[in-house]
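Using the hints provided, position chain Z relative to the given structure of chain F.
Protein chains in written order, with my numbering: chain F, 385 to 753; chain Z, 54 to 157.
If you are wondering where the hints come from, they were derived from the structure by calculation, not from laboratory data.
As the structure is a prediction and not an experimental result, all values here were calculated from the model.
Hints are supplied without guarantee of correctness; some may be wrong.
[What the hints assert, rightly or not] Here are the simulated SDA-like cross-link-like pairs (lysine to any residue), alpha carbons at most 20 Å apart as the crow flies:
1) F:498 - Z:70
2) F:498 - F:464
3) F:498 - Z:72
4) Z:137 - Z:86
5) F:428 - F:747
6) F:630 - F:716
7) F:673 - F:407
8) Z:137 - F:612
9) F:537 - Z:70
10) F:673 - F:447
11) F:630 - F:692
12) Z:64 - F:540
13) Z:64 - F:616
14) Z:64 - Z:106
15) F:537 - F:467
16) Z:137 - F:618
17) Z:137 - Z:70
18) F:498 - F:467
19) F:537 - Z:66
20) Z:64 - F:615
21) Z:137 - F:614
22) Z:64 - Z:113
23) F:673 - F:399
24) Z:137 - F:608
25) F:630 - F:729
26) F:498 - Z:66
27) F:428 - F:660
28) Z:137 - F:619
29) Z:137 - F:605
30) F:537 - Z:141
31) F:630 - F:730
32) Z:64 - F:613
33) F:537 - Z:138
34) Z:137 - F:616
35) F:630 - F:657
36) F:673 - Z:77
37) Z:137 - F:611
38) Z:64 - F:612
39) F:428 - F:647
40) F:537 - F:611
The lines below spell out each chain.
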Amino acid sequence: MSSLEQLPASAPARDIPRPYSLLAELTYRCPLACPYCSNTPGVKLGADLDTASWLRVLEQAGALGIVQVHFSGGEPLVRADLAQLVAAARRATLYTNLITSGVGLDETRLESLKSAGLDAVQISLQDSREAENDRLAGARCFLQKRRALELTKSFGFPLTLNVVLHRHNLDRIEEVIELAASVGANRLELAHVQYTGWAFRNRSALLPSVEQLERANAAVLAAREGLGRTLEILHVLPDYFQRFPKACLNGWGRMFITVAPDGAALPCQSAREIAGLVFPNVRDHSLEKIWFTDPAFARFRGTAWMPDPCRGCDRREVDYGGCRCQAFLLTGDAGATDPVCELAPTHQIIDAALAEQPAEPFEYRRYAR
Amino acid sequence: MMAEAPLLRPKLVPHSRYRWDAVRQSHQLVFPEGLLVLNETGAAIVERCDGRTLSELIESLAELTPQHPPLEEVVAFLARLRDKGLLVEAASPSEATRTGAAEP
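If we strip away everything but chain F, and leave its shape as in the complex, we get (with noise of 0.2 Å):
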C-alpha cells in the first residue's frame, strides 16, 4: 500500500470506529418468496417506518460519518417515496445504491430515481434460464427483471447483477455469466447463500455439492481471463467449505448498521435471529446515540468478547471471530466461536451438514400480515 492510498484505519481499542454504511431495509414486502432470504424469519409484516422518520435517520447517517446507504428490503420499490428518500440521501452526501429485484422499475420509476441522483444500481436475478428463475422466486418475474437490466442501462446507471448461488442454479454459472455480460451489467456478484434467515431454514435443500462448487471456481476464473475488465465478477464463496470464517460485517458493531422497516437499528441484517438480545429503534433514539451507546451494538464489538481459541488466535482481527448469527443458529450461543471455523470446538456440526442427505423441495420465504 502506497502512500497515496490506505484503506479506513482501524481505531485505538478505546475509540468506537464510526460507521460507513447504512443498510435501509424500507420494507418486508417483496412480490418474490426466494427460500434463501435474508430477512429474517418470523418477524411482522406492516408499520414500516414513515417517509419523515426515514428522512430524520438519513440525516442522522449523514452527520455519523455514514459515507454509502443501500436502499432494501424486501423490495425498496415497494415504496412510492423511494426517490425522496434518495434525494435526502444525496443531500445529506451518501453514495446512494438501490437493492432490487428489479420488479416494477420502469421508466418512471428510473427516470424519478435519476433526477433524485441515485448512483448506482444492484438487480438480482435467481437463474439464467425463465422458468427455473421463476421457481426459484416462486413469481413470474424473469422478464420483468430483463426488461428492468436493459432499462436501468439505458439510463445510465451503473449497474451490478447480483446472483444468489445454491445447489439449484450453480451448474448454469456459465449462462448467469453470459447473461450479465450480455445485458451490459459493470458488475456481476456471486455470492453464494449463507445460511442464516430463511436459507438456514432450507440448509439441506440449498448446500451445493463440492463437484459443483469446483465446477463453479473453474467457470468463473475461466470467465475472469477471458471477459478481461469488461465486467468484473466478485466470487463470494460459501463459507461452509472454508477453512476459516467469514470477517462478518468487518467486526460487529465496526463498520455497518442496518435500519429495519419497524425501525429497528441493528448491528446485521439477520441479528434478530439471535435471541435475548434487545435492539433500539431509531423512533427513539438518534443513529448517533445507538452507535456509541447501545450495549447491543457493544455486545461482540472488539475482541474483549472473544472466547477460545479466538482470544489468543493470530486472526482474531482478520475475521472477528465469524459470524454472530452464525454461532447462534448452530450453538446456541452468540458468543460462541463461529463453528465454520476449522479452529471451532464445535466443527463437526459443518461436518454433520455437509453430509446431510440434499433435501426436496424447500420452503418459500412468507409472512404472515
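Below, chain Z alone, put in the same frame as chain F:
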C-alpha cells in the same frame, strides 16, 4: 508476468465517485461496495481521471504543486486503481465521435 501498459486515458468507472468526507475530514473514492481513502495528491490525481491523456494528467499535476509525486508513483497508483476495477481506458476523442459514446 509482464507489467501491463499503463492506461493512455485513465477515466473513473461510472460507479465510482469522488467524495469529501466532512465528518472524517478526508478525501474518498466511493464505489458500490467500498471506498478508498485518498491523501491530497491521490485526490488530485483521481479528480483528473476524466479521460484526458496520461501526459496531460501528469502535466496538470506538475502545475498544481511544485513537489508533484514522481511519475512512477503516479503510474503505480493508477495501476492499482485499475486493478480494483475503478479506472478504465476512456475512448479517444476520434473513437468517441465515431461510436457516439462520448459523455458531455
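Starting from the hint list further up, note which numbers the structure goes against and sort them upward.
Every hint satisfied by this model.
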